[in-house]
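**Student:** Here the protein sequences line up with chains A and B, keeping their order.
Heads up, the first sequence is in the working numbering, so the first residue is 1 and it goes up one at a time.
Heads up, the second sequence is in the working numbering, so the first residue is 1 and it goes up one at a time.
Everything labelled a hint here was simulated from the structure, so no lab data went into it.
Just so you know, not all the hints are guaranteed correct.
Stated by the list, open to error - DEER-style ranges, computed between Cβ atoms:
| id | chain 1 | residue 1 | chain 2 | residue 2 | range |
| --- | --- | --- | --- | --- | --- |
| 1 | B | 11 | A | 57 | 17 to 27 Å |
| 2 | A | 629 | B | 11 | 29 to 39 Å |
| 3 | A | 461 | B | 7 | 28 to 38 Å |
| 4 | B | 11 | A | 152 | 26 to 36 Å |
| 5 | B | 11 | A | 61 | 46 to 56 Å |
| 6 | B | 11 | A | 166 | 30 to 40 Å |
| 7 | A | 278 | B | 11 | 32 to 42 Å |
| 8 | A | 268 | B | 11 | 56 to 66 Å |
| 9 | B | 7 | A | 334 | 45 to 55 Å |
| 10 | B | 11 | A | 157 | 36 to 46 Å |
| 11 | A | 115 | B | 11 | 20 to 30 Å |
| 12 | B | 7 | A | 391 | 36 to 46 Å |
Since we're looking at a predicted model, the values are computed, not measured.
The beta-carbon is built from N, C-alpha and C at its ideal position, and this holds for glycine as well.
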Amino acid sequence: MAEFGHFALLLALFLSGYAVFADLLGAWRKDTGSVLSGRNATIASLVCLTVSMITLWLLLVGSDFSVSYVADHTSKALPIVYRISALWAGAGGSLLLWLWLQVGFVVLLFCRLDKTKRLFAATARAAANVVSFFFLLVLVLDKNPFALSVVIPADGSGLNPLLQHPAMALHPPTLFIGYAAFAIPFAWSIASLARHNMQDEFELFKMARNWILLAWLFLTIGIVLGSWWAYEELGWGGYWSWDPVENSSLLPWLTATALLHCSRVYKPRTSIAVWLIILCLVTFSLCIFGTFLTRYGLVSSVHAFPEPGLGILFLVLLVIIWILTALLFWRAHRSSGLIMTGSVRPGVRLITINNCLLLLLTLVVFVGSLFPFFSEFFTNQKISLKPEYFTKITAPGGLVLLLLLCVCPYIYRYGIRKSWHTIGVVLVAAAALLSWLLTDKLSIPFFIICGFAGLNLAGDFVNRYIKSRNRSNKAVPQLNLRWYGARIVHIGVVLVFIGMAGSGGYDIEEQVALKRNEKIKVAGFDITFKNLKADHGSTFTAVTADLLVHKGDELIAELHPSQAYYSRSDKRTSEVDIKRTLAYDLYVALTQVDSSRDLINLNVLFKPLVNWIWIGSMVSVLGAALVLISFYRRKTALLKSEDKDTE
Amino acid sequence: MSYLKWILFIVCVIFVFLPLLEKRSDDAQMKGRDT
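Only chain A is shown next, with the shape it has when bound in the complex (with noise of 0.2 Å):
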């Protein structure tokens, strides 16, 4: 069976190969044959790929232990749901997946283009198949997922006991949905500059906009479930620590901010056109950047799965595509296809405001991740950034960002004037100046602004319910989900910026070691150590305690974090305990234990507000999955419209 997966694997490598030269073929000589020819091509590596998707699942499911992926990443007592998820536990099987996404998405797309706009599709297909190639050879060539063992084990390692966590099933799958959504703006951009004359579509425009909403959307699920992951089965109480394979999805998420910011805006023939086009080839450029500096091992990280092989094909695919997009502007700007004849509205430059901030964030990141290869290639010495270096420059910036979110829709929609609203800005930029300066906290001011931004929200709904009431003896207008959604993703941003603040600002942690019904005060809570119990599972023995927490006389929690071994992998795991309130976390982890002595450590954290994050996260994701069900109402309400016309 693994040898019909990598034949399927090696048709799919031929196919998306054959894509690039019939689609660009048929582009250039403007013939349909060629053109249909190189459509058929990407549907028919998409099912190939399909087909070695499923073989390498029906592998896993069956724990055929030839194949060496599956004796490396399961073993007979993992559960269906983790011998499923370790499709994309390793290196080959989750560019696999991204693969498999990605050609999925640009058949969904390109594939169905009416005939008008078969010359574009193909010129977009070209560019997403190339990218396809380049992933397929490094898997049919380093990462081949069906490649044999070399000796049969009786049993497999098993899955990293930390990654057997439902976040940690979902969250890979849904940041590989991100980056390969980003595959279709990537495209779009390339064939709107191959096909300079193309800036002037806004439909094909509009296309591209809605798969950069949808993949930004994944990829927040993706970066939160994470996070969450981090926070929950780690043990260290954090949520994010700035680890170079951490940012390397923060990055897109940066960019694809700032592209959907810059969507809203997106004018054809306008400086704002070029500047979007290369945002969506700078963001899906950092995805594939990620993806070599996760598995390529630049940068030592803490999640440590570098696999060096053949990663390098990654760099070289991006040394591609900018100088292949340098041609391609090269060329524009000769046949004046660049020439940017629209003006845009003055509210615009706040957008370009909020964009530069955006990508000095991403510099500030970028940079900082690859300081230990910076500093080991120019002084010899390895020398690695604490998470400090990032909050003291991201957190100011996340304060701007706060601060342009009050401003920028009204702005952008009745420009600057003097209004309440006006000197509202400038008084609460001023407070939260002053209280950052006296206070040296940044929580503070970040309070004061998320504060001013809840207000400005409301007064939003507020306005437009009022104005709808006024228009209510007239027709009843539709609601409109954009509206609703854009603001209801600002709110989210609002909750998950609070929560930081407050996590962030006032958490305290402490290290504490108790007896057996020994009493220990930590951040106002009274914590007694009652008991300690021990369980034994097929794969692991466990040790866990049992805590009660009282609030003076009241008790509030018992917290059982426990520990446990899992003897086949050697690796010992925490499993913490949280009393959860919207208040605070009372966040228990279990550091060591001393049978003999009836001696436990505890790693204890009193964090406030930090639920706030997980809840705002899932308030911006609702809000931005309302905005995708506008612009897929418009779209069908306009195909129904055309039917209409056409009859």
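Once you've looked at the hints, dock chain B against the given chain A.
**Tutor:** Structure of chain B alone, referenced to chain A:
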């Protein structure tokens, strides 16, 4: 499994190369526009 490989290969080849063999009338139309 080997016959499955051949079925996949043959179906893909026919599907991909068939449009090249068909005679088309919309080529001239497509050459008339840039999209």
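**Student:** Hint by hint, note whether the structure agrees.
**Tutor:** Going through the hints against the structure:
1. B:11 to A:57: 17 to 27 Å: Hint holds: Cβ distance 21 Å, inside 17 to 27 Å.
2. A:629 to B:11: 29 to 39 Å: holds (37 Å)
3. A:461 to B:7: 28 to 38 Å: Violated, at about 59 Å.
4. B:11 to A:152: 26 to 36 Å: holds (33 Å)
5. B:11 to A:61: 46 to 56 Å: Violated, since residue 11 of chain B and residue 61 of chain A (Cβ atoms, about 26 Å apart) do not stay within the stated range.
6. B:11 to A:166: 30 to 40 Å: holds (38 Å)
7. A:278 to B:11: 32 to 42 Å: With Cβ atoms ~41 Å apart, the hint holds.
8. A:268 to B:11: 56 to 66 Å: Given range 56 to 66 Å: violated, Cβ gap about 42 Å.
9. B:7 to A:334: 45 to 55 Å: holds (49 Å)
10. B:11 to A:157: 36 to 46 Å: At roughly 37 Å between Cβ atoms, residue 157 of chain A and residue 11 of chain B fall inside 36 to 46 Å, so the hint holds.
11. A:115 to B:11: 20 to 30 Å: With Cβ atoms ~26 Å apart, the hint holds.
12. B:7 to A:391: 36 to 46 Å: violated (57 Å)
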